[in-house]
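Asker: These are the residues of each chain, in order.
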Amino acid sequence: MSQSLLLTGVTVLRQGRTALHPLTVACAAGTITGILGPNGAGKTTLLKALAGLLPHRGGVTLGTTDLTALSPGDRARLIGYLPQDQRLHWPLPVREVVRLGLLARQHRPDAGTIVDRAMTATDVRTLADRPATALSGGEQARVHLARVLAGDPAVILADEPVAALDPAHQLAVMALLRQQAAAGCTVVMVLHDLTLAARFCDQVLLLDRGRMITAAPPAEALTASRLTRLYGTCFVTGTVAGQPVILPVGNPDQASSPSPSCGRMVTTEISASAPGPAVTVTPSSSMRAV
Amino acid sequence: MQDRTLIFVLLLGLLVCGAVSLTVGSPLPAADLLLAAMGEGDPRHRLILLEIRLPRVLLAVLVGWALGLGGAALQALLRNPLAEPGLIGVSASAGLGAVIALYFGLAGVWALAPAASSLTGAGLATALLLTLTRRGDTLSVILSGIALSSLAVALTSLAMALAPNPYALSEMVLWLMGSLKDRSLHDAATAAPLIACGSLLILTAPRGLRALTLGEDTATTLGIRLPALYLRVVGGTAAMIGGAVTVAGSIGFVGLLVPHLLRPLTGHDPARLLLPSALGGALLVCAADLAVRLLPTPQELMVGVITALIGAPFFLLLLLRRHLREALP
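Taken in sequence, the protein lines are chains A and B.
The numbering of the first sequence is our numbering, which starts it at 1 and goes up by one.
The numbering of the second sequence is our numbering, which starts it at 1 and goes up by one.
Don't read these hints as lab results, they were simulated from the structure.
Check before you lean on any hint, since a few could be wrong.
[Unchecked claim] Stretches of chain B that chain A covers, calculated by requiring three or more beta carbons in the stretch to come under 8 Å of a beta carbon on chain A:
| # | stretch |
| --- | --- |
| 1 | 205-217 |
| 2 | 220-233 |
| 3 | 266-276 |
Small disclaimer: the values here were computed from a predicted structure and weren't measured.
Note that CB positions come from ideal geometry on N, CA and C, so glycine has one too.
All chains, full assembly: derive it from the sequences and hints.
Answerer: Spelled out as structure tokens, the structure:
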């Protein structure tokens with residue numbers, strides 16, 4: 001199952017306009033690739049093209065399999081897709097929603113076990129008989145993730161899987177995706193949260209106005225200066241409790257015309273020990289400049 | 001409720017309703033009816049049973065099946081509990097076809113002219129609808145349906161306004177109101193193949209309809225070919241409704257009410273709802289037709305009037321109950 005996803009010159013045209021310029025990148029098996037960039041950069045367009053939802057040029061291969069040549073059914077057996085809009089149109093019970101993940105597979109006698117396992121993995125088994133539409137946003141996100149896991153895909157494509165979740169659920173969902181990657185799955189996701197990207201992604205693909213800026217490990221790709229140029233606002237990067245943190249600090253005056261100091265990478269090492277009062281960071285002179 | 005239990009209960013209800021329908025009317029002893037059913041006994045009894053009552057029951061079952069299944073399929077396809085067969089404009093176009101035949105007095109030349117013309121109307125509307133909805137998305141189905149429906153209704157009104165004589169006008173009105181009276185086995189034979197083909201197209205598409213619960217994008221990534229699914233369900237519904245309207249006129253509210261009533265009993269699963277909804281539609285139209293025959297009115301009521309008279313307030317009651325339940329703490 002461990003196969004790399006290779007995109008070669010992937011281009012998307014929408015209404016005669018180039019929505020995504022030729023893009024070549026490899027996503028190794030067992031890794032998470034985060035697609036980041038400002039609104040309108042083409043993140044969802046890229047993900048939809050990979051999912052087979054948008055016509056595109058260029059090659060997309062998984063190992064030796066050319067995904068663009070596959071029938072929708074064969075493609076569905078390899079790719080699990082988590083859309084941004086996870087609305088359910090009918091109040092199906094959670095178990096049935098998760099079972100939809102097996103739709104592309106042949107009828108399997110052990111379907112019940114697979115569904116139970118996926119629900120256990122995402123901690124929704126106790127909700128199995130409840131209508132999925134009556135659940136909270138966090139619970140629904142986990143149900144949809146369980147649906148994708150039930151299909152046992154080689155590639156998971158997720159469009160902002162943590163957008164509507166509280167911090168604890170954001171971490172839980174990211175950890176689950178991390179777990180899937182560890183099991184050999186190739187995960188590609190659109191993200192807005194730079195800190196989560198820095199912490200959980202193995203590779204970050206930065207997009208701007210339909211063009212790829214870079215594809216590199218987070219530490220290399222998510223530099224304060226690059227982010228400042230990309231988003232037009234100032235960032236602070238650092239580590240807290242050994243985890244990377246990237247904060248947009250904004251500076252209305254400088255955002256429109258960044259000064260030389262804006263965007264400088266400022267690393268602040270803060271070690272959080274036992275739970276106690278909130279850590280207050282006093283900006284240093286260089287941070288004020290940012 | 002288990003699907004099997006629900007289907008069994010609906011089938012049982014349908015059998016009982018059909019059997020009662022066959023026996024209701026001028027009193028015939030059960031023994032005579034049985035003899036007539038076996039092709040023996042008094043030829044008049046045979047005539048009553050096989051030429052008058054049986055076609056009526058058969059048509060009620062066929063038309064109800066088409067409306068119930070068509071409603072459930074369209075609601076699943078468009079993911080909207082308010083969708084119904086009338087929405088796609090095929091019933092209105094079939095009605096227009098029949099009205100044109102009546103306008104030109106073709107019924108006097110050939111008795112089957114209104115049915116043939118109605119079928120042509122349904123066929124043309126279906127072809128147009130399928131061309132317009134080839135891409136496979138909800139909005140184009142709804143918009144094309146509304147446009148087709150409005151055009152057909154406007155042309156029907158025009159034909160009625162310019163009706164050559166009051167007799168033709170009354171024929172048109174009665175035809176449009178929907179009835180199963182004075183139909184023959186020939187009518188059933190006209191509608192049956194269309195309804196059978198439509199049913200086959202729809203009942204073999206449960207995976208796609210279930211996947212659409214997750215929306216069009218996700219359904220596509222689950223391996224569903226949406227354009228093919230839309231063609232299949234819209235085409236199947238159009239064939240069934242065209243056949244049903246051709247022989248019975250337009251009977252409203254069945255396609256809306258029946259899926260709505262049965263949905264909670266099938267776990268809100270759009271695929272599991274298909275067969276029960278077809279049987280429920282058949283049962284409802286059969287029961288409504290029985291009611292119009294039993295009601296002591298000076299002139300027999302139209303079955304379409306009864307389904308709307310029962311259906312609309314019942315539907316309102318359901319909505320009211322849901323609102324009350326949601327409003328209560």
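Asker: Do three or more residues from the stretch 220-233 of chain B put their C-beta atoms closer than 8 Å to C-beta atoms of chain A?
Answerer: Since 6 is at least three, the answer is holds.
Asker: Examine the stretch 266-276 of chain B: at least three residues should have C-beta closer than 8 Å to a C-beta of chain A.
Answerer: holds (count 4)
Asker: Are there three or more residues in the stretch 205-217 of chain B whose C-beta lies closer than 8 Å to some C-beta of chain A?
Answerer: Holds: 8 residues of the stretch 205-217 of chain B have a Cβ under 8 Å from chain A.
Of the hints listed earlier, there is not a single one the structure fails to meet.
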